[in-house]
Each structure stands twice: as C-alpha cells, then as structure tokens.
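Fit chain X to the known structure of chain P by using the hints.
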Amino acid sequence: MNLQRRTSRFREIALPHLKAAYRLAHWLTRSHHDAEEVVQEAYLNAFKFFDGYRGGDAQAWVLSIVRNTGYTWLRQHRRLELQEPFDEALHSVAVAERSADDRDQCENNPETLLLRRADARWVRSAIETLPVEYREALILRELEELSYKEIAAIAEIPIGTVMSRLARARALLLRRLKQLNPES
Amino acid sequence: MTNCAKAQELVHGYIDQELNSMTAGEVDRHLAECAACARLYAGHETLRRAIREHARALPDLGPLSARIDAKLAGVNARRPPRSVSWPVWGFAAVLLAAVGVTWGLTFFLTRANPEDSLADAAIAGHMRSLMANELAGLSSTDPLVIETWLRQRLGFSPKVKDLRGQGFTLIGARLDYLYDSRAAAVLYRARDRVITVFIWRATEKANFPAHLLADSGVHVQFWAAADIELCAVSDVDTGGFTQFVQAYRG
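Residue numbers (our numbering), protein chains in the order written: chain P, 1 to 184; chain X, 1 to 250.
For reference, chain P alone in the conformation it holds in the complex (with noise of 0.2 Å):
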C-alpha cells in the first residue's frame, strides 16, 4: 500500500476515535496537557503499527494502543509509584458493601447527597482519587459504554475481574464523594 493511501486508510481508521483516546488518556494521567502527549504519541505508534491492524474493533485497537502508551508514560514520569497500592484481593464486593461507613449510604441516600450537588468538580476529584487499574475499569464502562468483553480485550483481563473492578470502583467512589463532599 503506497504511503498516501496507507495515511488517508489510518486516518479513517483510527481519527475516529480521538474523543475515546483523549478520554482513556485523560483519566490515566489525569492532565489536559499529559492526555495530549499521550494521544499524539499512541497515535503516531498505531501508525507505525499499522500493518498490525487486520480489521475488526478499531476502536479497541485504538484504545489498545492508547492504553499502552499511557501506562508507559506514567511509569516513565515515575506517576505509578505515586498511586495507592493496588491490591485485587482488597475486599470482597460484598464487604466493602456492607462496612460500616457504608451501612449510612443507606441511610444518608446516596442518590439524594449526587442530585441536590451538581458538582463537576466534585466529581471529578472523587474519580481522579482512585486507583489507576479502577478508574479505567469505570471509564471504559460508563463512558465510552464498552461491554465487559470489550474491557476485559483492552485492559487484558479476565471478564469476571471486569465486573470486580467495577464494583469495587463504585464502591470506592461512592465512599470518596462522600469524603471529598464539599458540603459535609
């Protein structure tokens, strides 16, 4: 494939996706500035990898690379060490359910204390607080609204850890609202 062709091919290919990369890259770094690097550098990777591409999901296959690139990147600028540490076995669902500062989600309505404060900020702190491994869990899920089968493809785990790491992801957000409330 000449080279003209091979570029309008990857640009249609894979530019449709940028809004997806930029979210994924977003959320990892948790910087506009960062996000971008990592955007323009997986780009330029998913180019040069191109011949890789045999069809399919391109949007997985962005992502893939995207992914990648930007753990690579957090373990360059040395951000990994920086995050808790991340340990699957932490608490079963059902636990971390049923704690005690989480008996009071019943009582104090969750959904009461996220309506009555539309805070975007708040929000945003809480996801930027948790561990890498789940903020991708429930970025991929919520918002670019990929299947398990689609995460599990991308993060390289099982589909039955998927639905771990989102339950414990909303678990744990749940909790940080809480304790980044601005109005408690």
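Don't take every hint at face value.
Unchecked claim - Here are the computed distance ranges between Cβ atoms for each label pair:
| no. | chain 1 | residue 1 | chain 2 | residue 2 | range |
| --- | --- | --- | --- | --- | --- |
| 1 | X | 250 | P | 77 | 31 to 41 Å |
| 2 | P | 121 | X | 65 | 18 to 28 Å |
| 3 | P | 57 | X | 65 | 14 to 24 Å |
| 4 | X | 65 | P | 51 | 20 to 30 Å |
| 5 | P | 51 | X | 145 | 18 to 28 Å |
| 6 | X | 249 | P | 160 | 45 to 55 Å |
| 7 | P | 55 | X | 242 | 44 to 54 Å |
| 8 | P | 121 | X | 249 | 55 to 65 Å |
| 9 | X | 157 | P | 125 | 52 to 62 Å |
| 10 | X | 4 | P | 33 | 39 to 49 Å |
| 11 | X | 49 | P | 2 | 42 to 52 Å |
| 12 | P | 179 | X | 52 | 48 to 58 Å |
| 13 | X | 228 | P | 51 | 21 to 31 Å |
Think of the hints as simulated: they come from the structure by calculation, not from any bench.
Glycine included, C-beta positions come from ideal geometry on N, C-alpha and C.
Chain X only, in chain P's frame:
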C-alpha cells in the same frame, strides 16, 4: 433465592446489562423484595448518571487532531526516498497481542536536545526487551540463524556476535524501531541482566552521544560501523557493560 451478598456482587452486572436473562431475573426479584439492596442499586444508578454528566466533558480536540495530522505527515516525510515494500510481518500483530508490551517512543520534535531523545528512545526500546512476556521475535542462541532472520526482514545485514567466551549469551532478537528507523534488537543475557543491542541503517549523519548513564542506572552506548549504527542498552554494571561493548565492537 438470592441473598443480599450475592445480589450485591451481581448488581453491577445487572446495571451493566451483562447478566444472562435467568440471573438478571433473579436479581430483579431480589431487588423487588429487599429495600436495602434496592437502595444500593438506586445509588449506583445515580452515580452512573453523575459520572456521565460530569466526566464526559471534552476540551476542543481540534488542535490535537491537527498536531497528529502534522506528525503523520512528518513520519512519511522522514522515510527513505526509495520506496521499499515491507513484507507483511506477523510481528506487529504479535506485539499487539502480547501481554504487557509497552510503547515508549519519544519523538524528536518534543525535545530540545535530539541526543537525549535518541538515548530515551533506546532506553524505552530496551524496556520492551524486559517487559514482553514472550519474545515477539526469534529465540535463538545461534548468531547465524539470527542474522539470517534479521536480514530477511530488515533488508540489511546486522552483524550478530557470538560472545559466549566473554560470558554474554544470546537470547534472541526482535524487530523494533529506534526513532523512526526500523532496527534489529538483539538480546543478550549477562548474569541476570539483559543487554539490548539495537542495529539500524544510518539514514543521515547523526551526532549521537557516545556513552550515557541514565539516572535509573541504565547504560547507553552508541557507535557506528560503516553505514550501520548500533546502540547497546543495559542496566548491567559498568564493568560488564564496558566489557560487552568492547567485545561487540571487536
């Protein structure tokens, strides 16, 4: 009859519509009967709405899109003028499928100092040697086998040295990029460390740093032989690294 603990695990699959209809039905029935779990479910639904409402916002991606377009054009411009037909390698597909492979190329345009960028690119490439769960290339201890394999894929003949006498064993090789030049990455083992030797065809006279020691303790050494450029990268100790480079340069 589902109990609360089970329902609370499954509610997420329920929310995401990932449960089969039988299981979804069970959760449905439990939520109808259990006020506490129903409240939990409602809370999660509200949370999802809040996330979607507040976390989706995007800045204007026009400038980013334009920058990417420009860089794509730049990549094409830097290719050698003679059009080469690259064979269709399984390489790229294998790399993308391999767990844990990372991409670490930094680009010249984003840095003030091109020498640093080249060293960064070399270190990032060396990281790929350490991080790939499977060698996405060729495993071999035979220099000739590796040379043939590389020559068939790269269009030039990198020289692969047998350094067993000096205590460095060949692991294998893969195809890689250094900067935007297609390169061979030849891997050696030195005690418990890995040494990557990048070999690529020089496209222009470049001033590259001779020997660097990165903060992380990684040695990087560049040298040239005729129209071929090489770079050794490793976190082996200084003595071992110097010995390796001397042996390779021969």
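Violations among the numbered hints, reported as their numbers in ascending order | 12
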